[in-house]
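Participant: The residues making up each chain are set out below.
There are 2 protein chains.
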Amino acid sequence: MVTTEFDTLTALEAHGDAVMLGAIPPRWDIMGNVNGGALLSVAAAGLRRIVGRPDPISVTAHYLAPGRDGPVEVRGEVAKAGRQFATATGALRQGERDLLRVIGTFGDLTAMSGGFQHVTGEPPDLTPIEDCVPRSVAAPEVVFQERVRLMLDPSCAGFWHGTKSGRAEVIGWISLADGRPIDTLALLLVADALPPTVFNIDAPAGWVPTLELTVHVRAVPVPGPLRVRVRTQFVHGGLFEEDGEYWDASGTLVAQSRQLALLPRG
Amino acid sequence: MVTTEFDTLTALEAHGDAVMLGAIPPRWDIMGNVNGGALLSVAAAGLRRIVGRPDPISVTAHYLAPGRDGPVEVRGEVAKAGRQFATATGALRQGERDLLRVIGTFGDLTAMSGGFQHVTGEPPDLTPIEDCVPRSVAAPEVVFQERVRLMLDPSCAGFWHGTKSGRAEVIGWISLADGRPIDTLALLLVADALPPTVFNIDAPAGWVPTLELTVHVRAVPVPGPLRVRVRTQFVHGGLFEEDGEYWDASGTLVAQSRQLALLPRG
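Chains as they are written, first to last, in this note's numbering: chain G, 1 to 266; chain P, 1 to 266.
Hint data in this document are derived by calculation from the structure and do not stem from the laboratory.
Honestly, I wouldn't trust all of these hints.
Said to hold, decoys possible - Which residues of chain P face chain G? A few of them, derived with a C-beta cut under 7 Å, are: (1) Ser58; (2) His62; (3) Thr120; (4) His161; (5) Ala203; (6) Pro204; (7) Phe234; (8) Arg258.
C-beta atoms are modelled at their ideal positions from N, C-alpha and C, and glycine is treated no differently.
For reference, chain G alone in the conformation it holds in the complex (with noise of 0.2 Å):
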């Protein structure tokens, strides 16, 4: 039986209601340290059982340590379970220590569609995909990138090569490299994949902690790659957001994400 690369990552084998074990697998990872939103993924995945709703609709993870391949365990506990909605909260370990605490709200996004729209926001202008950067050409092979397809646009692709845009912000293509369709779960995937903000300005460099990342989930993707901007407007304190919006082919806004990061010392 062939599976997914993404449904093998978040494949969980349950040990009672609470508790669930599953194993990263080996490549997804940026410089030896699992990639955040894969993590949250797997944590996500376990809190989605065991409140036995279809979507995350909001979920925060602040991060505490590093992850790596191999086995990992969800503990999870459901604070309310509603009638549109269910939270739980819970925690991803690994070994001997919490990779990150969890919240989420989950709910069924297709029962929710349609009813009173108001949108101002759009997605990004981007050059078609076949003309964009793929991020293996924009900067440092990293296995990441085998799971995840990100193609850059040119404008902001640079940072790497010498050339940074000078606004923090990344615009792009992203698919799962494997094919499969990004769903709910796969968009807290997608909602950290992208290179940080700072790289195309005159930050410090070096590696980006995320101390806390929360993404909303707005609505059921249809197939195809997303559009997706990440941007940065406060850098200061040692700090920055990266405010992510994610566009589906149908010109649906499907996830909006925020994280808070950690500056590099420089």
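We have chain G; now place chain P onto it with these hints.
Facilitator: Coordinates of chain P only, in the frame set by chain G:
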């Protein structure tokens, strides 16, 4: 001894390491439900004491039940106590139910000031405070107005009395009514103290429950009223986000908030 209203609200008495008892005083409510920022402030006051760090840096609450005046209990657990940051999770309980679940990372923002800066966001261009419209004039009297002094810019203050601006945005000046300075804890209060942005568009009217609220505290405010802008770009599927920016008198962005709220069914 005279104390401020906010300090009375957030006063807690420890019962062991992980439980603190408090009481929400009267008149922090809107139509009977205690304001969400007030509830978050009480919860964060508890977690802050548990971790022993001065400033909330990123705090997320998922709201589970409306709160009333009266006794409350904060339960907390330290998830990680690091050198620079400490993370805790917890709940604010009233009677037999959780009003909210919370996760927060705390630290010392004063120690983090300085370093590389790159700021492109700007505060709203506001009418002078003396020419703004008190919330009590712009909207029906709610007792919460006695606690938080909100002066709405005239451009967005007509929503109740006939003239919606058509933009899902509210801008104005905010301070505590009794003159207590806004510190990093009180930023959690003001991060949920404005009328809903959707009151200024033709959305269905009614009670707007917050599912989730995240506040990033980015700097310690200098004294004086804050300039605030809260806006919404995406109303669809029965949900909308509210993005808030809070600026102090020195022109520093001191906090960002984002909440996911449920549109009234109309």
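Participant: All the hints need checking, so say for each whether the structure fits it.
Facilitator: Checked hints:
For the restraint placing Ser58(P) at the interface with chain G, the shortest Cβ-Cβ distance is roughly 4 Å, inside the 7 Å limit, so the hint holds. Interface hint at His62(P): satisfied, since its Cβ lies 5 Å from the closest Cβ of chain G, which is below the 7 Å cut-off. Given hint, Thr120(P) at the interface with chain G, holds; its Cβ is 5 Å from that chain's nearest Cβ, closer than 7 Å. Given the 7 Å rule on beta carbons, the hint for His161(P) is violated: about 21 Å separates it from the nearest Cβ of chain G.
A distance limit of 7 Å between C-beta atoms decides the matter here; for Ala203(P) the minimum to chain G is near 6 Å, and the interface restraint holds. Look at Pro204(P): its Cβ gets to within about 6 Å of chain G, closer than 7 Å, so that hint holds up. Interface restraint check: Phe234(P) against chain G, minimum CB-CB distance 5 Å, threshold 7 Å, status holds. Hint status for Arg258(P) relative to chain G: holds, with the closest Cβ pair at about 6 Å, below 7 Å.
When held up to the earlier numbered hints, the structure conflicts with hint 4 and nothing else.
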